[in-house]
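Chains as they are written, first to last, in my numbering: chain A, 1 to 250; chain B, 251 to 607.
Treat the hints as calculated values from the structure; they're not laboratory data. Bear in mind that the values here come from a model prediction, so they are computed numbers and not experimental data. Every residue gets a Cβ at the ideal spot worked out from N, C-alpha and C, and that includes glycine. Honestly, I wouldn't trust all of these hints.
[Claimed, not checked] In silico DSS-like links for lysine-lysine, alpha-carbon gap of 25 Å or less: (1) A:Lys191 x B:Lys450; (2) A:Lys192 x B:Lys450; (3) A:Lys222 x A:Lys158.
[Stated by the list, open to error] DEER-style ranges, computed between Cβ atoms: (4) A:Gln142 x B:Pro443: 55 to 61 Å; (5) A:Gly111 x B:Pro279: 29 to 35 Å; (6) B:Glu436 x A:Leu198: 36 to 42 Å.
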Amino acid sequence: MIVFEKPKALADVKLHYCPGCTHGIIHRLVAEAIDELGIEGRTIGVAPVGCSVFAYNYFNCDMVQAAHGRAPAVATGVKRADPNNIVFTYQGDGDLAAIGTAETVHSAARGENITVIFVNNAIYGMTGGQMAPTTLPGQVTQTSPYGRQVESVGYPVKVCELLSNVTGAAYLERVSVNDVKNVKNAARAIKKAFRYQLEGKGFSLIEVLSTCPTNWGLTPDKALKWLEENMMPYYPLGVYKDKYAEEAGK
Amino acid sequence: MADKVLMKGNEALAEAAIMAGCRHYFGYPITPQTEVAAYLAKRMPQIGGTFLQAESEVAAINMVIGVASAGKRVMTSSSSPGISLKSEGISYLAGCDLPALIVNVQRGGPGLGGIQPSQSDYFQATRGAGHGDFRMLVLAPASVQEMASLVFKGFDLADKYRMTTMILADGTMGQMMEPVSLDMGEVKAYEKPWAVTGTKGERTHNIVNSLSLLPEELEQWNIRRYEMYKQIEETEAMHEEFMTEDADIVVVAFGVAARVARNAIVAAREKGIKAGMIRPITLWPFPKKVLFEKAKTAKAFISVELNMGQMIEDVELSIRCSRPVYLCSRTGGMIPTPEQVLQSIEKAAKENGGDKE
Chain A
1 MIVFEKPKAL
11 ADVKLHYCPG
21 CTHGIIHRLV
31 AEAIDELGIE
41 GRTIGVAPVG
51 CSVFAYNYFN
61 CDMVQAAHGR
71 APAVATGVKR
81 ADPNNIVFTY
91 QGDGDLAAIG
101 TAETVHSAAR
111 GENITVIFVN
121 NAIYGMTGGQ
131 MAPTTLPGQV
141 TQTSPYGRQV
151 ESVGYPVKVC
161 ELLSNVTGAA
171 YLERVSVNDV
181 KNVKNAARAI
191 KKAFRYQLEG
201 KGFSLIEVLS
211 TCPTNWGLTP
221 DKALKWLEEN
231 MMPYYPLGVY
241 KDKYAEEAGK
Chain B
251 MADKVLMKGN
261 EALAEAAIMA
271 GCRHYFGYPI
281 TPQTEVAAYL
291 AKRMPQIGGT
301 FLQAESEVAA
311 INMVIGVASA
321 GKRVMTSSSS
331 PGISLKSEGI
341 SYLAGCDLPA
351 LIVNVQRGGP
361 GLGGIQPSQS
371 DYFQATRGAG
381 HGDFRMLVLA
391 PASVQEMASL
401 VFKGFDLADK
411 YRMTTMILAD
421 GTMGQMMEPV
431 SLDMGEVKAY
441 EKPWAVTGTK
451 GERTHNIVNS
461 LSLLPEELEQ
471 WNIRRYEMYK
481 QIEETEAMHE
491 EFMTEDADIV
501 VVAFGVAARV
511 ARNAIVAARE
521 KGIKAGMIRP
531 ITLWPFPKKV
541 LFEKAKTAKA
551 FISVELNMGQ
561 MIEDVELSIR
571 CSRPVYLCSR
581 TGGMIPTPEQ
591 VLQSIEKAAK
601 ENGGDKE
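So here's chain A without its partners, still in its complex pose (with noise of 0.2 Å):
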């Protein structure tokens, strides 16, 4: 008897993530949502430059590649060219918050119906572990080998708190992949988020607090112990907008 198994939407090919990297349980968070809301055949995912522009071949849905940044724009035009189907972006912290900012606060005030996959991991994987918009205070990275000095560099970028401001977006929540159960809360959020889009609700962005225990230098499970202790406390988990239910609430 089967008691678990790989999602449908997930490609039965081997990951190239580092060990210990949480892309993989976000990958297949993602594809849960696609399996259980039947939408394969017409999900269509957009890749963005880092370490998870490969995830154009991990998912068995329709895929784009797109350039650093760019996610949110060339979503919003498969979206466009056909309303029916269903258009995620899965981005970086420096895709989405530093070179992508403003495709992605325009998106959102656009409520462009589509769902924002955002992994926040405090750093730039794919070239080695540079000083990403969300690096901490203090943090050290390659580019902040002193730890990030807010005096010269200034402070990490909020982005749910951020978007809350923005009357377009539908539906923002910050969750975690550090323990079974912010897993299987982060499970449901994108889920809805997909739900959302489903419903034709707009833009939707889950961010998902993940681990680099690469270039953070720690093993993978201190790796988890550095998100909760580190990055929870300063970006808090929660929902920062939901349109609907605040309506629903009125």
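Following the hints, complete the assembly by docking chain B onto the known chain A.
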């Protein structure tokens, strides 16, 4: 024969795009092409199409990538500084083998430059529209009629070769009004089995991608593309000739420069100088063969341009420097006068023995 209507170049171009089946347009305001956006903002909702004013040129070109990936006809338009912003996306379009149509209604540069007509993006369009090894089809209209018909043709070529077509116009073509026939004929439909339309559970997934970390593979992708480019150079070059049959002095000019040159050629003929003109309609592929053949009988060439001399390099390459090539140009938004071109013709004739009957 179809009725003609009086239209502005930018508007004729926009209407022709609709006739070519384009239902998605993404733009950003910039002079002197804003009429394209304004026209489509009105028209697209009437026909169930998408008009979207993007937050930037960068976003607009990436929205174009999205629609092109989904297999539908799509267009963006801009003017010189905006095209520079699009260059990242233009390179990705090439790397992903996506068909799209981009309009550049050029203005003077570099930098913010000015807003008057220019042809100073010739190099950018024909050589360096973005990073990497690739080519773009470049069409240069010289009338409002061609603003329309070349858009129609441009969409067809883009689909046929899975390439970007650029309409390289200038402020004059965009702003000018002329009678135009919008009888464009049939739209040829192309199968796009590579597009991301959703697998519908009926096929394995399609991936639109420009990334390969294997140099052997990336090299092969580029070689395959260049084999196709070679074929395009053989078959798709377009040009128009004017009084070239017996011409000693051959003017080469495109767009508004060709219209100015035409008057100068008529004036030169009246003075007994056998002048003529080759007007490239495709700037890439450049009508190399025609120029090469003409160099066997012509005595000299003159490149008339609205820049500091860019196309002149293609003229010299085409004729393999077998004849003198003169430059007659104005830049920064200035347009050469017929008198200036006539003087160039007279000079070239005098120095190359073309002034004697």
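Taking the hints in turn, this is what the structure says about them:
At roughly 20 Å between alpha-carbon atoms, A:Lys191 and B:Lys450 fall within 25 Å of each other, so this suggested pair holds. Our distance criterion of 25 Å between C-alpha atoms is met by A:Lys192 and B:Lys450, whose separation comes to about 22 Å. At most 25 Å may separate the alpha-carbon atoms for a hinted pair to count; A:Lys222 and A:Lys158 meet this at roughly 24 Å. A hinted range of 55 to 61 Å for the beta carbons of A:Gln142 and B:Pro443 is inconsistent with their spacing of about 43 Å.
A beta carbon spacing of about 22 Å between A:Gly111 and B:Pro279 contradicts the range 29 to 35 Å that was offered as a hint. Against the hinted window of 36 to 42 Å, the Cβ-Cβ separation of B:Glu436 and A:Leu198 comes to about 38 Å, which satisfies the hint.
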